[in-house]
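Protein chains in written order, with our numbering: chain A, 1 to 649; chain B, 1001 to 1391; chain C, 2001 to 2138.
It is worth saying that the hints were derived from the structure and are not from the lab. Be a bit skeptical, because a hint or two may be false.
Stated by the list, open to error - As a list, the in silico BS3-like pairs of lysine-lysine whose alpha-carbon atoms are at most 30 Å apart:
hint, chain 1, residue 1, chain 2, residue 2
1, C, Lys-2113, B, Lys-1024
2, B, Lys-1263, A, Lys-347
3, A, Lys-479, B, Lys-1025
4, A, Lys-482, B, Lys-1025
5, A, Lys-513, C, Lys-2113
6, A, Lys-523, C, Lys-2113
7, A, Lys-116, C, Lys-2133
8, C, Lys-2113, A, Lys-17
9, A, Lys-393, B, Lys-1228
10, A, Lys-479, B, Lys-1024
11, A, Lys-322, A, Lys-242
12, C, Lys-2126, A, Lys-17
13, C, Lys-2113, A, Lys-76
14, A, Lys-479, B, Lys-1228
15, C, Lys-2133, B, Lys-1229
16, A, Lys-393, B, Lys-1024
17, A, Lys-116, C, Lys-2135
18, B, Lys-1229, A, Lys-393
19, B, Lys-1025, C, Lys-2113
20, A, Lys-393, A, Lys-322
21, B, Lys-1025, A, Lys-449
22, B, Lys-1025, A, Lys-338
23, C, Lys-2113, A, Lys-501
24, A, Lys-479, B, Lys-1318
25, A, Lys-513, B, Lys-1025
26, A, Lys-513, B, Lys-1229
27, A, Lys-482, B, Lys-1024
28, B, Lys-1024, A, Lys-513
29, A, Lys-17, B, Lys-1229
30, C, Lys-2126, A, Lys-116
31, B, Lys-1025, A, Lys-523
32, B, Lys-1318, A, Lys-482
What the hints assert, rightly or not - Every beta carbon over 12 Å from chain A, so not counted as near; a handful from chain C, in silico:
hint, residue
33, Leu-2008
34, Val-2039
35, Val-2061
36, Lys-2089
What the hints assert, rightly or not - Chain B is faced by these chain A residues, among others (derived, beta-carbon under 10 Å):
hint, residue
37, Val-341
38, Arg-391
39, Lys-454
40, Ala-456
Quick caveat, the model's predicted, so the values are computed rather than measured. Cβ coordinates follow ideal geometry from the N, Cα and C atoms, glycine included.
One letter stands for each residue in the lines below.
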Amino acid sequence: MSRIGVFVCHCGLNIAKTVRVSELAEFAATLPDVVVAKDYKFMCSTPGQEMIQHDIKQYNLDRVIVTACSPLMHEKTFRKVIENAGLNQYLLTIVNIREQVSWVTTDIEEGTAKSKALLNGAVYRARLLAPLTSRVIDVNPDVMVIGAGIAGIQAALELANTGKKVYLVEKNSTIGGHMAQFDKTFPTLDCSACILTPKMDNVLQHKNITMLTYCEVSGVKGYVGNFDITIKQKARYVDHSKCNACLACTEKCPGKGVSEWDEALVKRKSIYIPFPQAVPQKPIIDRESCTFFKKGKCRLCEKVCEQKAIDFEQQDTFIDVKVGAIIVATGFDLMDTKPLVQYGYGKYPGVYNSLEVERLFNSAGPTSGKVTMRDGKEPQSIAILHCIGSRDKNHHEHCSRVCCMYSLKFAHLFKEKTSADVYQLYIDMRAAGKGYEEFYNRLSEENVKFIRGKGARVTESTEEPGRLIVEAEDTITSKFMKIPVDMVVLSPAIVPRAESKDIGRLLNLSTDKQGFFMERHPKLAPLSTMSEGIFIAGVCQGPKDIPDTVAQALGAAAEALTIVVNDKMELEATTAMVNPASCCGCQNCVRVCPYGAPGFNYEKRVSEINEALCKGCGLCASVCPSSAIIARHFTNEQVLAEMEGLMEF
Amino acid sequence: MSQAVTPYLEMSQAIMDAGGEALKKCYQCGTCTGTCPWTPITHFNIRKLIRFGQLGIDGIEEFMWGCSTCKYCVDRCPRGVEIIDVVTAIRNVYSGGGMLPQTLRSFVGSMSARGNPWSGDQSKRNDWAKDKYPLFSSDKEYLFWTCCTVCYDPRNVRLAKATAEILNQSGLSWGLPDVEVNCCGESLKKVGDLELFERLKNNNLQYFNKKGITKIITVSPHCLSSFKKDYGGDYQVVHFSELIASLVKEGKLVPRKDFGGVKVTYHDPCYLGRHSSVYDAPRAIIASIPGLEFIEMGRNREQSMCCGGGGGGLWMEKLKGERLSDLRVEEALATGASVLLTSCPYCITMFEDSIRTLNADDKIKLMDVSELLLESLEINIDEPVADTCNV
Amino acid sequence: MSFEPKILGIACNWCTYTGADLAGTTRLHYPQNVRVVRVMCSSRINPSFIFRAFQLGADGVLIGGCHPGDCHYNTGNLYARRRLATTKKILEFAGLEPGRLRVEWISASEGNKFAEVVEEFTMQIKNLGPQSKLKIQQ
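So here's chain A without its partners, still in its complex pose (with noise of 0.2 Å):
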């Protein structure tokens, strides 16, 4: 005999709209083992809080069922509140009559009914459960931050000032990410490299971070606390223990390759330094471009390195490392907009999408910061088409959210560096950020003219060769527009980096529609995922502009600290257990387990689970065919206790 007690919540109307919550008590009052049955308007305030606890004393409870929103929300808040009164925290049991009933109805007859029958099945269960023990295990200390944007670099100076070691990863040969590319930055129009490249310097100098230039995450096992990474040094060609960057290497090379960090507008040389405030200031070797490697003859820079750091025959390298917890800060690339073919990117050499245009405002540019073309004449005219790809159900439907303010910032950067006519064609301008439509205003002031809407179509003109043709409806005037200019400017979307898809398998990530990784909870938990231990910063869980990613990028700092700061941590009990009386010796167990947690005891000739590797999955139980295994929490006699009361009504 057990003693229960069972707490339904009205979530004020959420639940109490579609299901009749004190018939739901009255209901759970007549099932067996229940003493005591309430209903309550927030549950998980202090007052229900409070009066679970009360009762849990009062009534000499045993169990605690809680009738609210889903287990996700709020099991751990009520596991807490059980345990201070007293009760072990795996006595709870939650019925999800939120999420998965009162929000997906509108039948307040179904929603009831509904309700019922799951509570029928988490009595049967709860009289089943048993109380367990957390598990304690050891923390590593360390943090790793994937990507090393200002997302990344800011979470990895915040970690690394608080005296943890952090681990850097960049798949580049330089720190920064796409912030580095920037001139300057909306609203304040402050300059970017002012803000970042400090930071970079400190990364450099910090002894707490070990930076991983040109490395990529190769591997991942463990779990939160205790994560062993295997980081791939891709092969730089150049010994960067011995290199002293003094770049004689870069003057002498011959070979040519295309510049990445100038967005393939200009050429830079095969060995190279991708810009020249990069962190590290040492080059690595473009094998793609480098003479010697496609035609076996060269080796010039060898020649002129007085360090003899060059090593034409340098592999790549793996290095292992621990952490307790890992910070994913990847970015974002641009949508490719070549196949939005009635835009005219890569056709016409007049259209640039806004990336290149950033570096093309660069002082440390391809045309060091002044506007120049393809062709090197400077516009007269100049179109921004707003959301390309972006609020679009053909291509991405999310908005990407930073563009209509950076196209703002163009429009005022070509003014003030060009004498150009320049119009915005935009959709809905979107200026909802700290000192942002101040900014459209001062923009208006510069005669920056206002399209509303869509840029349909770029050709190019049958009377001026070279110029383009911007085709739009201006929707205000309800006018077809055919403006002529001499560049476009493209805004496209802003996706996950492609790699991101990689990192995601690694880590068990999830992702939205989209690719974005998905944070635990949208409020509660934003910065954390459904892996423990994992965070998310920056733009790779949704398009965000700098101010709020380094707001991220801080919160996922704290966050990975909550875990690393102590050395000792709980983690579920919910693992697998070996009854030896009935183990059969067949190891089904120990082949299919994807941690190696079960092995096989020779001696006894019984398996036995490794308690710090089980995961809780339920795997081996399912596989076990002696029933041997018992998998915490989720039993068989537990699962099939609440099959049986769910069928019931």
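Using the hints provided, position chains B and C relative to the given structure of chain A.
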């Protein structure tokens, strides 16, 4: 007089109820208007049509007839608004009250009285064939669905004969429909007469069921689209060009005549291209014909420009300077081609008119792809046909 | 009164259960016939659970897991997939309509899909009528 207007949401609801549900999704970005081929040359504004529809505002009648349902805007619309459905619904709701333009009245009248748009005698539907080709019977594999336009319109009768003769050579087992069938009703639906469309559709479906039709070849892309999307019958339907392209590929039809370097260009009909995604088949046929130099127009395939004949446009009068077909013929002329090819009887009718009014008869010849193929197969159609247009 | 089937759902914690929650957060309405049991992974589902559900009078059983390749436990759902395919065969052998067991991969972001699947499956079970083949009569 007050300039204020009040939204009339009942009217908006009526449009949604008539199939224009997608109306509400529009966020008025103007991609449709910027894409629409009519915007640069007429006052028609598709975005405004939708906007007026969203609020049920008076004045909508002004531009409800401008759309030729070319589907360019639908493919580009970022909100996925089925704009053609909206146009059809608006026409349905408004044309009920006697607002049908004069030029469309005889079209709808003929459809209602005779089951075809050309005021042709229903019993004479198959007269063009002169009993040379079999009627469909249960031992036949394909029903060769001849569009009303190729049955009655003298210029397009040539197309009927060419296609039928090619099928004759192909070795396929096929037959023509009985005269009891009527127009597929595609244009009628787009004009908004949904009730009459249902009647025509049901009559044809009855015939299909009675005859146990399982495979249909259409000569017009309009019938193709209608049978595929609006009829929902249990049969397969292919366009003539798709079927013939595969027969040419298999070597069952071998074009022989060498044209000695004649320059040709091809116009993608909206209903074959954007509506049915058939772009390659006609080009494959052209490529199989010896001695042609094929030149694409600037706007081709998915970007093709409308001839203006869809959505009832074929039966509406347009002023000079407001005809898409004129612009398209000029585009074809600019390629230097001496033959403009297409594969739709509506396009043929529209371009034939334009070539005449532009006095371009001596510069460019208009042919259906199947007509050119027939010539290359070195097949003679018995007697010459009258080279006239218009009924 | 029309037949309202009882359907047992078993959903993995990480994908389908979260997806079902998302359907709720986005207020998608779907039939209330499916009652969901949460397990940590679809691989936890022992075929006996499914047989037992039918014995208990379930008219249909809906299993939900992560998309193959996206399992929170790397490979769990691959085992589940094979095992459930076999289970389906056995059920068929026992004389049950195979349409009464449905396995769907629904990710945490696919709230829409969860609602659609429930809608469709409920319809399907309604068409199949009450299940009595394996039900233990009391």
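Now for the hints, and whether the structure bears them out:
no., hint, in the structure
1, Lys-2113(C) to Lys-1024(B), "23 Å, holds"
2, Lys-1263(B) to Lys-347(A), "26 Å, holds"
3, Lys-479(A) to Lys-1025(B), "22 Å, holds"
4, Lys-482(A) to Lys-1025(B), "27 Å, holds"
5, Lys-513(A) to Lys-2113(C), "12 Å, holds"
6, Lys-523(A) to Lys-2113(C), "23 Å, holds"
7, Lys-116(A) to Lys-2133(C), "26 Å, holds"
8, Lys-2113(C) to Lys-17(A), "25 Å, holds"
9, Lys-393(A) to Lys-1228(B), "24 Å, holds"
10, Lys-479(A) to Lys-1024(B), "23 Å, holds"
11, Lys-322(A) to Lys-242(A), "27 Å, holds"
12, Lys-2126(C) to Lys-17(A), "28 Å, holds"
13, Lys-2113(C) to Lys-76(A), "28 Å, holds"
14, Lys-479(A) to Lys-1228(B), "36 Å, violated"
15, Lys-2133(C) to Lys-1229(B), "42 Å, violated"
16, Lys-393(A) to Lys-1024(B), "15 Å, holds"
17, Lys-116(A) to Lys-2135(C), "22 Å, holds"
18, Lys-1229(B) to Lys-393(A), "22 Å, holds"
19, Lys-1025(B) to Lys-2113(C), "21 Å, holds"
20, Lys-393(A) to Lys-322(A), "43 Å, violated"
21, Lys-1025(B) to Lys-449(A), "28 Å, holds"
22, Lys-1025(B) to Lys-338(A), "27 Å, holds"
23, Lys-2113(C) to Lys-501(A), "21 Å, holds"
24, Lys-479(A) to Lys-1318(B), "21 Å, holds"
25, Lys-513(A) to Lys-1025(B), "20 Å, holds"
26, Lys-513(A) to Lys-1229(B), "29 Å, holds"
27, Lys-482(A) to Lys-1024(B), "29 Å, holds"
28, Lys-1024(B) to Lys-513(A), "24 Å, holds"
29, Lys-17(A) to Lys-1229(B), "43 Å, violated"
30, Lys-2126(C) to Lys-116(A), "22 Å, holds"
31, Lys-1025(B) to Lys-523(A), "28 Å, holds"
32, Lys-1318(B) to Lys-482(A), "24 Å, holds"
33, Leu-2008, "6 Å, violated"
34, Val-2039, "6 Å, violated"
35, Val-2061, "10 Å, violated"
36, Lys-2089, "17 Å, holds"
37, Val-341, "7 Å, holds"
38, Arg-391, "6 Å, holds"
39, Lys-454, "4 Å, holds"
40, Ala-456, "3 Å, holds"
Violated hints, in rising order: 14, 15, 20, 29, 33, 34 and 35; the structure is consistent with all others.
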